[in-house]
Amino acid sequence: MTRTPRLANRTATRRRLIQFGAAAAAAGIVLPAAPALAQTPAASDLSGTLRGMSWETEAEMRKWFRHTEEFFATRYPNLTPELEYGTAWADYWTKLQTAVAGGAQLDMCWMHDSRAQSYASLGLIQPLDPYIAADPPQEWPDAYYPSQVDAFRYNDQQFAIPYDWATGGFYVNLDVLERAGVEVPTVDWTFDRLLEAGLAIKASAPNPDDSWGFFLQVTSHNTGWIVKSFGGEQITADPLTSHFDDPNTIAAYQFLYDAINTHGVMPNPAGMQGLGLDQQTAFASGLLGIMASLNDEAFVFGEIVGDKAEWTVAPTPSGVDGRYQFAGGSGFSIPTTAAFPEVAYEYIKFMATDPANLPTTAEMGSMFVSRMDAWEDAMPDPTQLDPEVYKAVFYDLGVEDATVPLYFPGYQQWDSSIYVRHMDRLWTGATDDVAGVLQQVHEETQAFLDTIEQ
Amino acid sequence: MSQAAGPATAPDTPAAPPRRPRWLGDALAWAVLSVLGLFWLLPFLWMVANSLKSLAEIYSFPPTFFPDQLRWWNYPDAWTAVPFARFFTNSVIVSLGTTAGVLLTSAMAGYSFARLRYPGRDKLFIAYLATMMVPFPVLIIPLFILMGQLGLIDTLIGLILPAAFSAWGTFLMRQFMLSIPRELEEAARVDGASYWRVFVQIMLPLCTPVLATLGIFTFLGSWNQFLWPLIMISSVQNKTLPLGLTMFQAQATVETPWHLVMAAATFSILPVLVVFVLGQRYYVRGIATTGVKG
Amino acid sequence: MKDLALPRERDPRPAPAPVPTVRPARRQGAFRGVRRTETIAGYLFLLPNFAGFLVFSLLPIAATFALTLTDWSLIGERRFVGLANFRQLLADDLFWQSARNTLYYTVAAVPAGVFIAFWLALLLNRKMRGVVFFRTIFFLPHVTLTVAIALVWAWIYHPQLGLLNYGLERIGIDGPRWLQSTTWAMPAVVVMSNWQGIGYAMLIFLAGLQAIPQDLLEAATVDGATWFQRLRHIVVPLLAPTTFFILVTSFIGAMQAFDQFYVMTQGGPAYSTTTLVMYVFQNGFQWFQMGYAATIAVVLFASIFAITALQWRFGQAWVYGNEGAQ
Chain C
1 MTRTPRLANR
11 TATRRRLIQF
21 GAAAAAAGIV
31 LPAAPALAQT
41 PAASDLSGTL
51 RGMSWETEAE
61 MRKWFRHTEE
71 FFATRYPNLT
81 PELEYGTAWA
91 DYWTKLQTAV
101 AGGAQLDMCW
111 MHDSRAQSYA
121 SLGLIQPLDP
131 YIAADPPQEW
141 PDAYYPSQVD
151 AFRYNDQQFA
161 IPYDWATGGF
171 YVNLDVLERA
181 GVEVPTVDWT
191 FDRLLEAGLA
201 IKASAPNPDD
211 SWGFFLQVTS
221 HNTGWIVKSF
231 GGEQITADPL
241 TSHFDDPNTI
251 AAYQFLYDAI
261 NTHGVMPNPA
271 GMQGLGLDQQ
281 TAFASGLLGI
291 MASLNDEAFV
301 FGEIVGDKAE
311 WTVAPTPSGV
321 DGRYQFAGGS
331 GFSIPTTAAF
341 PEVAYEYIKF
351 MATDPANLPT
361 TAEMGSMFVS
371 RMDAWEDAMP
381 DPTQLDPEVY
391 KAVFYDLGVE
401 DATVPLYFPG
411 YQQWDSSIYV
421 RHMDRLWTGA
431 TDDVAGVLQQ
441 VHEETQAFLD
451 TIEQ
Chain L
455 MSQAAGPATA
465 PDTPAAPPRR
475 PRWLGDALAW
485 AVLSVLGLFW
495 LLPFLWMVAN
505 SLKSLAEIYS
515 FPPTFFPDQL
525 RWWNYPDAWT
535 AVPFARFFTN
545 SVIVSLGTTA
555 GVLLTSAMAG
565 YSFARLRYPG
575 RDKLFIAYLA
585 TMMVPFPVLI
595 IPLFILMGQL
605 GLIDTLIGLI
615 LPAAFSAWGT
625 FLMRQFMLSI
635 PRELEEAARV
645 DGASYWRVFV
655 QIMLPLCTPV
665 LATLGIFTFL
675 GSWNQFLWPL
685 IMISSVQNKT
695 LPLGLTMFQA
705 QATVETPWHL
715 VMAAATFSIL
725 PVLVVFVLGQ
735 RYYVRGIATT
745 GVKG
Chain Z
749 MKDLALPRER
759 DPRPAPAPVP
769 TVRPARRQGA
779 FRGVRRTETI
789 AGYLFLLPNF
799 AGFLVFSLLP
809 IAATFALTLT
819 DWSLIGERRF
829 VGLANFRQLL
839 ADDLFWQSAR
849 NTLYYTVAAV
859 PAGVFIAFWL
869 ALLLNRKMRG
879 VVFFRTIFFL
889 PHVTLTVAIA
899 LVWAWIYHPQ
909 LGLLNYGLER
919 IGIDGPRWLQ
929 STTWAMPAVV
939 VMSNWQGIGY
949 AMLIFLAGLQ
959 AIPQDLLEAA
969 TVDGATWFQR
979 LRHIVVPLLA
989 PTTFFILVTS
999 FIGAMQAFDQ
1009 FYVMTQGGPA
1019 YSTTTLVMYV
1029 FQNGFQWFQM
1039 GYAATIAVVL
1049 FASIFAITAL
1059 QWRFGQAWVY
1069 GNEGAQ
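Chains as they are written, first to last, in the working numbering: chain C, 1 to 454; chain L, 455 to 748; chain Z, 749 to 1074.
Looking at chain C on its own, in the form it has when it is part of the complex (with noise of 0.2 Å):
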């Protein structure tokens, strides 16, 4: 593979980097953690309250919670930490930004790789390189998922410690493909050969009109691999700078176009987000035969599908510049509200980060946790999915292929001013002009590009 030394050569960069930040820090920044970090692993006598925000539900928690009473209880008996969750995902923004700007305490919160750049620049939440520097968590950064260390670093700072790490795959549905006479997808697979196995599938179909043979996200985070894949660029860095006049990304955005509006094989997402009912539904009921989505969903998706069809997973396909991969994950950032950042950041570490508790915290995510070695502790319950099968698709290939989304201050805003707004023309059907759609795009991203302070 030729991923292999490109992913060294980052991981070198990003190294360097992070080394040189933290010396600076050590040198030249006076450590408000120093004196609270004296005094672990023995009881401290800091008294108060320790407030976290969270987006998990009451479930997810409890295993938190768990090794959360461990940690107060050994290290801070006087501190009460109050973590608040089962708060809806857009809610979870809204509130979080709310009670920062209004300058509520807060410690710790769950924060995404999608929203990080944006925080940080906005001054939401701090840096951590000064912890980090006094407290590194163990063989840091060098047993972290890179692209997920490297999601959180802001102007050469990090502002979270990651948690999880999602990657992308295929849900197969075993009886559409077998009515249709299609192989399970592998890794080999071009989109070419994705694009025949849709209307093949289709076309098997008892129904065609209202049948689908695959579906793939087009949100502008989760079209990054297939533009990589089809040899194109969204947007690249250093400086920000907008490729989607690219012909390669043309092509790539062709292809989505095609699949929904031209040949019918893939439902048109617009509209359908934020229900989260629409693709798991026809694929349950056997109207859709495969569904891109992330490695999480295998943990609920038996509930779903039911004893409606048998169900795998397999790999995205390869495109003509090779293959790519999705993925993305969350970490653990302290605003700058905080009133106990020092207390928060061993806090974080203690369960992101060390070892003994990655088992809880994997299982709390239904993901891989941000250390690389630990995979073992967020395999799939074998009954509902083969283990093997689920590593060999998110986890193996992941390794070598995955890619990131690049996001950059303001990306929710140029997502939905620009990106959403547009591109919503073409996945309607209200417009089949792909290039022309692309090149305003294009422009529209490059003035907004132009005005990020960097």
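Don't take each hint at face value.
[Unchecked claim] The list that follows gives simulated cross-link-like pairs (lysine to any residue, SDA-like), each with its CA atoms no further than 20 Å apart:
1. L/Lys577 - Z/Arg784
2. C/Lys308 - L/Leu482
3. L/Lys577 - Z/Ala1057
4. Z/Lys875 - L/Gly491
5. L/Lys577 - Z/Gly1063
6. Z/Lys875 - L/Leu490
7. C/Lys308 - L/Pro521
8. Z/Lys875 - L/Gly479
9. C/Lys63 - L/Ala535
10. L/Lys577 - Z/Leu807
11. Z/Lys875 - L/Leu482
12. L/Lys577 - Z/Val803
13. C/Lys308 - L/Glu511
14. Z/Lys875 - L/Trp477
15. L/Lys577 - Z/Ala1054
16. L/Lys577 - Z/Glu786
17. L/Lys577 - Z/Leu792
18. Z/Lys875 - L/Ala535
19. Z/Lys875 - L/Gly733
20. Z/Lys875 - L/Thr662
21. L/Lys577 - Z/Lys875
22. Z/Lys875 - L/Leu478
23. C/Lys308 - L/Gln523
24. L/Lys577 - Z/Ser1051
25. Z/Lys875 - L/Leu524
26. C/Lys391 - C/Ala292
27. C/Lys308 - L/Arg525
28. L/Lys577 - Z/Leu806
29. Z/Lys875 - L/Val486
30. C/Lys308 - L/Leu524
31. Z/Lys875 - L/Gln734
32. Z/Lys875 - L/Arg735
33. L/Lys577 - Z/Tyr791
34. L/Lys577 - Z/Gln1059
Hints listed in this document are in silico derivations from the structure and should not be mistaken for laboratory results.
Model the placement of chains L and Z on the given structure of chain C, informed by the hints.
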């Protein structure tokens, strides 16, 4: 002043003593309302039906209306999945507190605007109306900061207070009081009654239907309130029902157990229906016949 | 509570009669006494509401107005930028598109909603078995949690799996992709929104109908007025303050529509259903531009205020006729 007509004699509007046989009109009304009503009832029924299905059944096509098996245990499952008893209590406290506040302050302010004359009254009223025109999202952060200074973040009082002084309620009460003939109060004033007595003994009884309306709306509005509690409440023990419902559907990437959400949504509206039906008891005419002008 | 009865306690003398049916200020002396009592009573009755109103409404609103002159991005300093936000607004096509969407929604939703609610209220004002049951049904969508309603309607409007297109197919019509079409998404939300909101106007109309003096209707019937004549000449005029209230508040509500769009379409596709308040929310909470969000909000406020003032002017004549109760 004649006696208020009781519910039993309240005839149809605008018809008074019917000419056609009563049953014919009723049958017609029933037919129209049943057809229309079904359209209004359907989503509710769908919600109830889905609350009795398995998750796999909800994710099926073609969709089925009737559950394969009545999975009534979705209800206890949902009830125990998160502390709903606590959320119920909180919602009741917040809704009752807000309603009491609105009824009292809006009725008084409405009376002041509708009946009493003083300098600056109309300008003040315009200010009330104007505040209804500022979209809430831009007020969230200033209000949140204010609540922080008052020490009310993550408290139920913090949910009640901003809603308890309603411009909408004041406007509603004013409009209704304007439509009540003045003669009754004037007679009382001549007899030496204070404004307070006129308000309590004459205006309020005449306003029973509109007070019931205001009470119902305020209670329900408060019961369904989402954005402000979302911002304000951080601890589980202070969450209200709508916040509790989202605790099932937190993570974007993982499927929501819709059967449990539907069950929870179904049982969380029951108290509201009780309020609505009970509220209608006060919904009979508060004014019967008066010496109406004109 | 007791304290609120102050007007009487402060002024133990029996209130001078007669209460001013008198034309202003002919007999200054007696009149001034009445006036003072009335003024004090007016302020005192207003006070409990006004105290809260001042703190929880006027204060945050004043802060919002101040924000329009800054480039505040949620945290950090509030840099004064003068009228830059207002200039940005003029050149912002998304603002204008949201403004058009908001007007479209208001014009499509409010008159139809009020009209239907009026007839429904008439129908439900009968003394009839089951009337409470029917009122409850029409009110159900107003109380069902929005999340559940959105979900149910998403199923109804779903292009392939939905009930609506399933029905249309049965009668030979190939239904559009409702919520995913830039043309049909707005009408779809208008229908859903009126369906949901009808209980609001209906209930207030019902309360208004209850306040119509019965003897007037009876007298008219005795005089041989038909059902329609009674409706036209008695019910509609007497209901005017109620109708006016419903129109004004529905208008204000529609101009600030947010929830139904937020859950049904999130403003899409291609901004075809983004309303001004959604755009405010998007700018403030998703794009971190609080100063600009406040500016849009203030412009929206000014528009609603201007239109309401017009409604008021015309409404006043219509509602109170020549009496001019103000």
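Sort out whether L/Gln523 lies within 20 Å of C/Lys308, counting only the CA atoms. Distance ~16 Å between C/Lys308 and L/Gln523 Cα, so the pair holds.
Hinted pair Z/Lys875 and L/Gln734, Cα distance within 20 Å: At roughly 13 Å apart (the allowed maximum being 20 Å), L/Gln734 and Z/Lys875 satisfy the hint.
Please verify whether Z/Lys875 and L/Ala535 have alpha carbons no more than 20 Å apart. Roughly 44 Å between the alpha carbons, so the hint for Z/Lys875 and L/Ala535 is violated.
20 Å Cα cutoff - pair L/Lys577, Z/Ala1057: Holds - the C-alpha atoms of Z/Ala1057 and L/Lys577 are around 13 Å apart, at most 20 Å.
Hinted pair, alpha-carbon criterion (20 Å max): L/Lys577, Z/Lys875. Please report holds or violated. With a Cα-Cα distance of about 42 Å, the restraint between L/Lys577 and Z/Lys875 is violated, given a limit of 20 Å.
Given the hinted pair Z/Lys875 and L/Thr662, is their alpha-carbon gap at most 20 Å? holds (18 Å)
Are L/Lys577 and Z/Gly1063 close enough, with their CA atoms no more than 20 Å apart? Holds, at roughly 18 Å.
Against the 20 Å threshold, does the CA-CA distance of C/Lys308 and L/Leu524 hold or violate the hint? Holds: C/Lys308 and L/Leu524 sit about 19 Å apart, inside 20 Å.
Has the given pair, Z/Lys875 with L/Leu490, been kept, meaning a C-alpha gap of at most 20 Å? Answer holds: Z/Lys875 to L/Leu490 is near 19 Å, not above 20 Å.
Verify the proposed pairing of Z/Lys875 with L/Val486, using a straight-line Cα cut of 20 Å. holds (16 Å)
Given the proposed pairing of L/Lys577 with Z/Ser1051, does the C-alpha separation stay at or below 20 Å? holds (19 Å)
Quickly compare the C-alpha distance for C/Lys308 and L/Leu482 to 20 Å and report which way the hint goes. violated (46 Å)
The structure shown violates the earlier hints numbered 2, 18, 21, 25.
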